[in-house]
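Peer 1: Each protein sequence line maps, in turn, to chains A and B. Residue 149 in this note's numbering is what sits at position 149 of the first sequence, and the numbering runs on without skipping anything. Residue 141 in this note's numbering is what sits at position 141 of the second sequence, and the numbering runs on without skipping anything.
Each hint should be verified, as a subset may be incorrect.
Claimed, not checked - Output of the computed footprint for chain B on chain A, the stretches with three or more beta carbons under 8 Å from beta carbons of chain B:
no., region
1, 76-83
2, 95-109
Stated by the list, open to error - Not the full set, but computed from the structure, chain B residues with beta-carbon under 7 Å of chain A:
no., residue
3, VAL124
4, LEU200
5, LEU202
6, VAL215
7, PRO216
Simulated from the structure, these hints should not be mistaken for lab results. Don't be surprised by glycine CBs; every beta carbon is placed ideally from N, CA and C.
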Amino acid sequence: MSAYLKLDHIGKTFTRGSASTEVLRDIRLTIDKGEYVSIIGHSGCGKSTLLNLVAGLTQVSQGAVLLENQEVNSPGPDRAVVFQNHSLLPWLTVYENVNLAVSKVFAGRKTKAERHDWIMENLTLVQMAHATDKRPSEISGGMKQRVGIARALAMEPKILLLDEPFGALDALTRAHLQDQMMEIHARLGNTIIMITHDVDEAVLLSDRIVMMTNGPAATIGEVLDVPLERPRNRIALASDRTYLKCREAVLKFLYERHRFVEAAE
Amino acid sequence: MSLPATKSDVVVAGPFKPRPATVVPLAAQPRRFDLRGLAVKVAQSVLPPIVVLAILLGLWQIAFSDPNSSLPPPSEVWAQSRDLIVSPFFENGDQDIGLGWRVLVSLERVAYGFGLAAIVGVLVGALIGQSIWAMRGLDPIFQVLRTVPPLAWLPLSLAAFLDSRPSAIFVIFITSIWPVIINTAVGIRNIPQDYRNVALVLRLNHVEYFFKIMVPAAAPYIFSGLKIGVGLSWLAIVAAEMLTGGVGIGFFIWDAWNSSRLTDIIVALVYIGLVGFMLDKLVSFLGALVTRGTSSN
Numbered sequence: 001m002s003a004y005l006k007l008d009h010i011g012k013t014f015t016r017g018s019a020s021t022e023v024l025r026d027i028r029l030t031i032d033k034g035e036y037v038s039i040i041g042h043s044g045c046g047k048s049t050l051l052n053l054v055a056g057l058t059q060v061s062q063g064a065v066l067l068e069n070q071e072v073n074s075p076g077p078d079r080a081v082v083f084q085n086h087s088l089l090p091w092l093t094v095y096e097n098v099n100l101a102v103s104k105v106f107a108g109r110k111t112k113a114e115r116h117d118w119i120m121e122n123l124t125l126v127q128m129a130h131a132t133d134k135r136p137s138e139i140s141g142g143m144k145q146r147v148g149i150a151r152a153l154a155m156e157p158k159i160l161l162l163d164e165p166f167g168a169l170d171a172l173t174r175a176h177l178q179d180q181m182m183e184i185h186a187r188l189g190n191t192i193i194m195i196t197h198d199v200d201e202a203v204l205l206s207d208r209i210v211m212m213t214n215g216p217a218a219t220i221g222e223v224l225d226v227p228l229e230r231p232r233n234r235i236a237l238a239s240d241r242t243y244l245k246c247r248e249a250v251l252k253f254l255y256e257r258h259r260f261v262e263a264a265e
Numbered sequence: 001m002s003l004p005a006t007k008s009d010v011v012v013a014g015p016f017k018p019r020p021a022t023v024v025p026l027a028a029q030p031r032r033f034d035l036r037g038l039a040v041k042v043a044q045s046v047l048p049p050i051v052v053l054a055i056l057l058g059l060w061q062i063a064f065s066d067p068n069s070s071l072p073p074p075s076e077v078w079a080q081s082r083d084l085i086v087s088p089f090f091e092n093g094d095q096d097i098g099l100g101w102r103v104l105v106s107l108e109r110v111a112y113g114f115g116l117a118a119i120v121g122v123l124v125g126a127l128i129g130q131s132i133w134a135m136r137g138l139d140p141i142f143q144v145l146r147t148v149p150p151l152a153w154l155p156l157s158l159a160a161f162l163d164s165r166p167s168a169i170f171v172i173f174i175t176s177i178w179p180v181i182i183n184t185a186v187g188i189r190n191i192p193q194d195y196r197n198v199a200l201v202l203r204l205n206h207v208e209y210f211f212k213i214m215v216p217a218a219a220p221y222i223f224s225g226l227k228i229g230v231g232l233s234w235l236a237i238v239a240a241e242m243l244t245g246g247v248g249i250g251f252f253i254w255d256a257w258n259s260s261r262l263t264d265i266i267v268a269l270v271y272i273g274l275v276g277f278m279l280d281k282l283v284s285f286l287g288a289l290v291t292r293g294t295s296s297n
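Just chain A, with the same shape it has in the complex (with noise of 0.2 Å):
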């Protein structure tokens, strides 16, 4: 198996001025195609500068970002994002914000049927078919964040980057969608790096879990194999011993090994 997606020897530092911090040290990972990777690490240790850096929004400072083999270093629908904060156009309805980025990566390659069909397509895999015409505003957190899921996954992303998706959202609504991901995954197969602060939803949701130190100069600790048989039911696996064991050695690492100290920041 060839990689899919390679960080290669990747390091950023942040210049400002005459001071300059370097935020992330000699990153290496290698992804497959159709895998689900999610990075887990305490706040401000640059989980999502890495994001950023593989969706092209930020420059590397050292190494390369590489897809199928070819470096990237500029964002582009091949690795669509769905923000923390959703970011919807709020001026657009919900179907014009999906049209917005199906128009533009589809120009010329599908016809206006063909694309009406796929925006809908997208908004019901994410159940927001019966929402077309409301505006952000007029829509829950949770149904902004599933707009934002099908925007992105109507580009036809190579890679799905996901920048802690449910992390504003109570936890029914966090529940539900991260259901609705898995199901969206195992249909699609969609290759998907995910940043998260919470340890059930990394265990749950990956088949990698990618657990950060702290920073300055953040790097890789640990990557932990989640050998869980799909599909997943959180309900089955609250008792799971594979599960649990899972839980406890994310836990183990950023609590006890890497234990969030405030003047690290």
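Based on these hints, arrange chain B on the given structure of chain A.
Peer 2: Below, chain B alone, put in the same frame as chain A:
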């Protein structure tokens, strides 16, 4: 499931389902209520200004009813300038026309000058808002130029255009463009990074970014600039027309002053005020229409 059955053993509850039918009369009732509410609302917003206006007119009448007073009372305004008040659109010859026509002529100039200022202002503001260095370099200059009174531009523009019509339009343009530029630039600076990221991921080009992200995102700012701009241009046109002549409302005031028709001036002032008010409301209305949903997130 069994509990409710024992509580009220009405198993007939199933057939008793035509509840949706009761919704129909419910829908009609609030409409009648609304009408009454609307009437109350209109009365609340219309009656107070009418009462205050009546009191002010009364005070004015009392203060200037002395035959030796320097300014005419309302009764004399009505007596001498009734034709101007009653029929805004009469035409008795070249210079003897209703104030409605004059206002339209002035509005046409404003439309040219302000329309140009709106287009150029938004484009320049968009350019400046994108570049921190353009902002730093140009903002102080704009802040200074912004304070130059409209009429101070008139001699220069007369010298440049050698004609009064384009000069008046230029004065409007140059007076009303600054708030548009400055507000647009600020609005564009304040576009959230999220929207920029969306545009980057989608690889929108400059034209698409301008129309699909920038203008709608900055629309609330742009429209507050336009609102200030239209007010300024209405100020400028009256002043400019007083000096350049023609058939506009500004020149009418100057003409009336030269032939000592004070009551006509008072009527013209009311016209100018009302039209300025309507211009302001028009831009506000357009803004509300365009920015629907933009500011709320």
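Peer 1: Determine for every hint whether it applies to the structure shown.
Peer 2: Do the hints match the structure? See the list:
Chain B is given as covering the region 76-83 of chain A, and this holds because 6 residues of the stretch bring a CB closer than 8 Å to a CB of that chain, at least three being needed. With 4 residues having a Cβ less than 8 Å from any Cβ of chain B, the region 95-109 of chain A passes the three-residue criterion, so the hint holds. Taking 7 Å as the C-beta contact cut-off toward chain A, the hint placing VAL124 of chain B at the interface is violated, the least distance being around 23 Å. Hint status for LEU200 of chain B relative to chain A: holds, with the closest Cβ pair at about 4 Å, below 7 Å.
Given the 7 Å rule on beta carbons, the hint for LEU202 of chain B holds: about 5 Å separates it from the nearest Cβ of chain A. Look at VAL215 of chain B: its Cβ only gets to about 10 Å from chain A, farther than 7 Å, so that hint breaks. Contact between PRO216 of chain B and chain A, as hinted, is supported at the beta carbon level, the nearest pair being about 4 Å apart and thus within 7 Å.
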